[in-house]
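S.K.: One-letter residues, chain by chain:
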Amino acid sequence: MREWKSIGVAVFVTMLAIGGAQAADETYPDWSGTWRGRPPNKWDPSKPPGLGQQAPLTPEYQAVLQASLADQAVGGTGSDPYSSCLPNAMPRMMTAIFSFEFVILPNITYILFESSMPRRVHTDGRDWPKEIEPAFNGNSIGKWIDTDGDGRFDLLEIETRGFKGPRVYDPSGIPLHRDNQSIIKERIALDKSDANVMRNEITTVDNALTRPWTVTKTYRRQRNHVMSTNDCNEHNQHITIGKEIYMLSADGLLMPQKKDQRPPDLRYYSRAQR
Amino acid sequence: MSHRRCVGFLASIVALMLPLAPACAFDDAKYPDWKGQWIRLPPTGGQWDPTKPPGRAQAAPFTPEYQAIYEAGVRDNTVGGHGNNATPTCTPPGMPRAMIVYEPMEIIIRPEITYIHIEFMSQFRRIYTDGRAWPATIDPAYAGYSIGHWEDTDGDGRFDTLVVETRGMKGPRTFDGNMPLHQDNETIVQERIHLDRAKADILRDDITTIDHALTRPWTVTRSYSRERNPHWYEYPCGENNEHVFIGKENYLRSADGHLMPARKGQAPPDLRYFNRTRN
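Respectively, the protein sequence lines represent chains A and B. Count along the first sequence from 1, then add 179; that gives the number in the numbering used here. Count along the second sequence from 1, then add 14; that gives the number in the numbering used here.
Since the hints were made in silico from the structure, they are not lab data. All clues stand as given, with none of them false.
Here are the simulated lysine to aspartate or glutamate pairs, EDC-like style, with alpha carbons at most 20 Å apart:
#1 B:Lys262 to A:Glu413
#2 B:Lys184 to A:Glu413
#3 B:Lys44 to A:Asp204
#4 B:Lys278 to B:Glu256
#5 B:Lys49 to A:Asp303
#6 B:Lys184 to A:Asp410
#7 A:Lys422 to B:Glu253
#8 B:Lys184 to A:Glu293
#9 A:Lys396 to A:Asp333
Remember, it's a predicted structure, so these values are computed and weren't measured experimentally.
Construct all of the structure, not just a fragment, from the sequences and the given hints.
M.R.: Right under this line is the structure:
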């Protein structure tokens with residue numbers, strides 16, 4: 180009789196273990212649905228755009244920003260590479276002007292975007308590789324933390340390195356350094372008082388800055404959004420030829436994007452054709 | 015005594031299962047192991063039916079109207095144009111062409127959805143396996159809208175085949191670098207995705223396309239080989255694209271950053287909107 184009780188206890192414990200496996204999603208936070216950031220036009224949401232951002236740039240890179248703003252003031256696109264449909268890249272992509280979603284697996288968290296290439300955040304305890312293939316999104320290693328000790332992870336810490344450029348923070352063209360040695364640290368968690376609000380504290384360490392620059396992005400959860408694809412090239416009216424950017428007119432012809440812009444150099448066409 | 019053995023046996027099961035629990039975000043054992051990176055087979059050649067040579071030898075079952083569009087594309091190719099191919103403008107290939115998998119593919123399986131990510135132009139497919147019905151309206155997309163279900167074809171208790179139907183496409187789309195799909199975009203693509211029975215590192219996709227440019231459904235099987243230690247890289251189309259499209263004309267960007275013709279005798283772009291006297 181006692182042995183049968185023991186079998187019963189063992190079966191019960193086994194069932195609990197199976198249940199635990201099936202409910203292992205409980206180990207990770209509920210970040211289901213899709214998320215979208217606001218506002219779209221500036222890096223630090225708490226400050227005005229452009230110079231109002233007070234980016235802690237070195238004098239050299241402050242001059243790069245000033246040149247970008249000056250070009251935009253006369254109708255140009257400044258140093259914003261997105262006008263040529265280059266990727267928004269890190270850290271700008273985390274402004275999330277279009278929706279994104281998380282796919283959380285034990286060894287990796289995918290961050291999937293409507294308008295950017297996906298991010299793979301490795302959470303398998305790996306170390307940084309000796310060589311990193313440079314990427315606009317960089318290479319990310321993360322770890323989950325249970326900050327309140329309730330047995331469920333609630334914070335994802337990420338460090339991202341290994342970039343290529345050009346990259347800027349926002350449409351005004353606040354630049355990152357051309358050496359692409361940026362290190363970006365993120366702390367992503369739900370707002371403690373509103374589970375439909377997510378905060379991402381992003382610290383950028385970059386040689387174009389005089390000190391690390393920390394901003395906090397806020398995303399709002401969308402429960403019933405169907406993810407689509409925003410393809411930059413589909414409706415892009417900018418035409419990049421060499422270092423000049425022109426516009427495509429409504430009737431499909433090349434036109435200047437700023438006053439007195441020179442037409443493209445037609446040296447590869449015969450004189451009779453020009 | 016035999017009961018004690020049974021208790022011990024069950025305790026062993028418990029001991030084996032406990033370390034697994036945190037690693038199982040869902041019942042992994044129910045779904046096939048398609049982890050890793052999938053690379054097209056053969057690794058080169060961009061034709062739709064991999065068993066036939068490219069071009070006319072594909073013997074696409076076109077209607078006369080679309081055979082004529084195909085032939086016009088071939089003629090344009092011979093003089094340096096892109097024919098019916100929209101990808102030089104960085105327009106995604108869409109379905110079904112995406113499944114040529116020009117650059118590697120990753121498949122992420124969750125109970126309610128399977129994601130297919132293809133590095134080429136970062137195409138994403140979301141295949142809903144949550145039992146949903148077709149929505150009343152579908153926002154058209156190059157990749158379409160996909161609903162699938164899992165089948166356990168050999169009855170071993172583990173799913174082995176993902177059956178997918180995709181609708182709601184937008185265009186322009188081609189099967190490969192030239193063979194067009196119908197402009198009405200009413201294509202239906204049906205797929206059966208499964209591992210090769212004899213080789214667990216070969217994935218097969220039996221793809222049937224139903225389209226008004228065709229006289230009958232067209233079925234091909236695409237294959238992919240697995241790389242278990244993948245190295246992923248980005249493929250942003252706009253990064254090194256030397257094609258310049260102005261209106262309906264395509265030009266090239268020279269190595270020194272100037273506009274140049276893509277074909278012999280091509281006229282330069284119309285520059286009427288520039289102030290030529292000042293410039």
